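For this one, chain A is given, so just place chain B on it according to the hints.
There are 2 protein chains.
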Amino acid sequence: MKYPVTFLPQNIVTHAPEGTTVFNAANWAGLPIDSTCGGRGTCGKCKVRLVRGADGVSEADHRFIAEAELAAGWRLSCRAAVHGECVAEVPRLMSSPKAALLGYGQHVLLDPNVAKVYLKLDEPTLEDQRGDLTRLLDALRVEGWDVRPDPALWRALPGVLRDSDWTVTAVVVGDELIAVEPGDTSAEAYGVAVDVGTTTVVAAVVNLMTGAVVAIKSTLNGQAAFGADVISRASHVMADPGGLTVLHERIVATLNALVAELCAQAGVRPEQIYEAVAVGNATMLHLLLGITPEPISVAPFIPAVDGPVTVAAADFDLALHPRARLGLLPHLGAYVGADIVSGVLATGLVRNPDDRLRLYIDVGTNGEIVLGSRARALATAAPAGPAFEGAQIRCGMRASDGAIEGVRIEPQGAGAVRLQVIGGGHLAPIGLCGSGLIDAVAELINVGLVDSSGRLLTPAAARAAGQPSELVERLVTVDGVRAFLLSAPGQNIVLTQTDIRALQFAKGAISAGVHVLLDAMGVTPDDVYEVLLAGSFGSYINPASARTIGLVPQVPVDRIVAVGNAAGEGAKMCLLSFREREAAHQLPGFIDYLELSGRPDFNDIFMEVLAFPPPAGAPPVVRRQ
Amino acid sequence: MKYPVTFLPQNIVTHAPEGTTVFNAANWAGLPIDSTCGGRGTCGKCKVRLVRGADGVSEADHRFIAEAELAAGWRLSCRAAVHGECVAEVPRLMSSPKAALLGYGQHVLLDPNVAKVYLKLDEPTLEDQRGDLTRLLDALRVEGWDVRPDPALWRALPGVLRDSDWTVTAVVVGDELIAVEPGDTSAEAYGVAVDVGTTTVVAAVVNLMTGAVVAIKSTLNGQAAFGADVISRASHVMADPGGLTVLHERIVATLNALVAELCAQAGVRPEQIYEAVAVGNATMLHLLLGITPEPISVAPFIPAVDGPVTVAAADFDLALHPRARLGLLPHLGAYVGADIVSGVLATGLVRNPDDRLRLYIDVGTNGEIVLGSRARALATAAPAGPAFEGAQIRCGMRASDGAIEGVRIEPQGAGAVRLQVIGGGHLAPIGLCGSGLIDAVAELINVGLVDSSGRLLTPAAARAAGQPSELVERLVTVDGVRAFLLSAPGQNIVLTQTDIRALQFAKGAISAGVHVLLDAMGVTPDDVYEVLLAGSFGSYINPASARTIGLVPQVPVDRIVAVGNAAGEGAKMCLLSFREREAAHQLPGFIDYLELSGRPDFNDIFMEVLAFPPPAGAPPVVRRQ
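From first to last, the protein sequence lines stand for chains A and B.
Sequential numbering of the first sequence, starting at 1, is according to our numbering.
Sequential numbering of the second sequence, starting at 1, is according to our numbering.
No wet-lab data here; the hints were simulated from the structure.
There is no bait here: all hints are sound.
Heads up, the list lumps identical chains together, so a pair's fine if it works in one copy or across two of them.
Dumping the calculated SDA-like pairs for lysine to any residue here, alpha-carbon to alpha-carbon at most 25 Å:
1. K45 / G19
2. K2 / I65
3. K2 / A68
4. K120 / V298
Just so it is clear, the structure is predicted and the values come from calculations on it, not from any experiment.
Isolated chain A (complex conformation) (with noise of 0.2 Å):
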């Protein structure tokens, strides 16, 4: 149940759903109300005046706002939910915000849910006897901080109290206070996102006071030793009755390492980091978490934790503050996991003004794929398969030095075939890594030495059909399978017919993913204006082949986007940002999953879109030579 939340005097509307608070509803709108608590009720500076569905008064209203101006209509925008058609008069802001541009051009609006608040407490005399607790909660309410003093602080409070002279820096994070530190130390404070892959984790430092990422670096997942994939890392799990400990064990060393690394290059502290936002896939957070992805990685596919989860880093041995927290995203489902979420935050494919229908894809061995609009979001787990990867490609390799990336074929002259190999010209290619296997197939379409069902052409048939000889003579088979010679003879890198089976398998996965979308939401591809290629592998495809083997929607070229790791990016969002990190939490309310697993359509489509669409985008001089 939606309703229309009108804002005045810029007459923005929005459809928020019931209960969402009209302080959450104007941030969504675009519309950040002046705040600094974040939303919890206790700044008391978001007041609005209901013109209309001004229905309760909440205890935080009674403590802010008078009796006349309640009477009036105003009141805690944080505190007043929408149950009806809402009209809200928005004060102009009192401080102009500080806000940062992060993800896929998100103007963000710097609200952490970090806070150092700096205290000069009065001294406790025969008069004025409360306890030290009740005297730092006491002097934190006048700052309009409401706060659960989190109970490891306690004994450390009254040495703190008395050594630092009764002046003191509260930390808040969320609504606990996790630390009391002597003397002003409000300048200085940092949290870390992090994006857990099964392959990469990244990590960035970010400065919250500024918003500045002071370092960022990536490094492998320490799990990688069990298994490439998420299910080769559940399997040990399930064989081996250490195995949840040793994963656990080593995605913590991971990050630990990575931040130790990150904080020795910024010259910050590991205790300067009072919060962390993970994101990643269901797996790889269950792991670290140290719960068994096992019940993920069987039908029906279910994981131990979806929802938002805050809790205590120390609790899951990451070596930040003491008392620092962890914040991870919600998934999805049990394969678009909470790095999607985070994707989706970042890229704004729900919130954009616009109400255009795009389309997030994360390429990999499960193509993760959202489709929707502010009205509107479906999303949907693709099997794809491992030869993105390079795997079960007979050149295929990883996206590592010596691989092709790249493929040209110009069929005129003798540079018929160019390649670009990763590292750089100089190196003699190795191998073939995803984004080169689908240049490569995109490129024999385009040249018409590979049909729309997926055939490589003999020779003979090639030669018939007029193609240079340069390219037919490149026509070869190996091992009894017809193949294509992509390097010079003497490297014998080629792609076989059954590689480009193995590619039009995995794109045919995914596209037949897109397709139970359009159908569920009733449109069709000419609907889709714009895709957003996620994920590293994303930064790599060039749009154009995605296009021609039929990966992605037959939109124009500019128009398919790589939109780089919008998963970290997304976590960076959440930290800098608490009302973005709300908007992530409910994003899995707002976008349907549909599984594909035993749906009985899902081959009929996938068979339907296994064809390569018609080259449309070939140059038309080639293939009528």
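Quick look at chain B alone, frame taken from chain A:
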């Protein structure tokens, strides 16, 4: 700021402070409103119709009450706060809630903070892929429980759910889900109420389903080796760098041994104890939490933590359920601790509908005093010194076998002095404990051998006053000090003039404290209706003697009542009723604490009350013979 709240149809009126919920106000007025969630806004059962004062509509109201009903003033009473005059129509109880008689005649609704919820979960399918935790929390929400899951239970969750065929019992403490047990264990839940005394620790294991105490036991506080009173314990912490750790470990070991013994006796496993409620003085509870009591023991006497506390019992090494909660009641001041708050709760001192002033006194090294009715209450602590414990008394001893605990002087006949000895009449007396000391002095006043200034008559003066020779012969001199021989001549147990002075100072301090409170309230001793003597020492004091020496005001003897271990009773009430615990938490806001140290008028008042009162109850025959 207090407002009248009227409950219909009973027409009961109570005065509730601004912000109190209608639910709590009703409970306080002795009108428990039906509820299964105990006032957390999740069960929807506590609906009332606010005929007056219905200003707000909360989220929870929207969830449970239809629009038409809301318009008619229906609200959840646990969400409706008092912000002005209120009139509430309370529907008749749908179910008749279980209750128990606890404390000093308090009718307590069984409404523990621990709940067990038996759940048959839907098995996950491809159509219902909610995560384990989400599935569990959803099912709990259907049953009216909106809880925060303890992260420590997540790891076990996938196994427990699958091994138990999705049939489990959720254990909820407060708003936290602390355990998920396989199968139906909803019939068994236990708690432990603990009174941490400086000398003695009392624990009771309570069946939370029935309210029955299944085992109770007291033992010596394992810290006893470090001094008899709180000052010597605090001194040890200050003197020895490892002292705090040792004292913390001692009290934890004492509690764990006690609980283990109680469990063995009652056939309960410690893991079936899901909650502990502990009371005690501020120093004891600080040591239990491992916090230094140093600032409590030096001016201006400041506890680190004086508010109510809820922590994980395991974080403080208590061996109960691994995720059991430990609740500590708040303190009124550094020397009027949670034990007194608990005692005030158990005796109904500030909620008795008769509006009469009552005086609560816990006699000990520090005498804790509360004076009040449901209109107003004041508290203070008076430094009585060790006389009541038999210390610094010539023949003084603790209340153990051989101690004289009662004295009667009947001047006529050979049995003029009759002694009551702990352990029975066959034991020869070996000393005098506190209650014996009070009795002895009171009887000497009654027979006229001690005058109101506290002077023991010389033999000559006694003979001149017509005292019988049996008594005059007992007036002796010991080491140059006048004394009265209590025992048979060979046993040589005497009460010296110095002892009488020591008692006089001790009772003078407490009496001065009482007078400070009476003055502050603008009343006289005649306005005191009843005196409640709390603590084990209070149970042994002869009420008439206490009155004779002026330890308590001159009220009729039958209104001087020993209320026993009221602190322990209050802890049990808090364990069995969340409403009672809430009431206890609110007591520090209701009872004003007066600090005696540094008060300029204290010494004047002390001097005024030092004399013994005129012996109104003494038989006139004796004094005129």
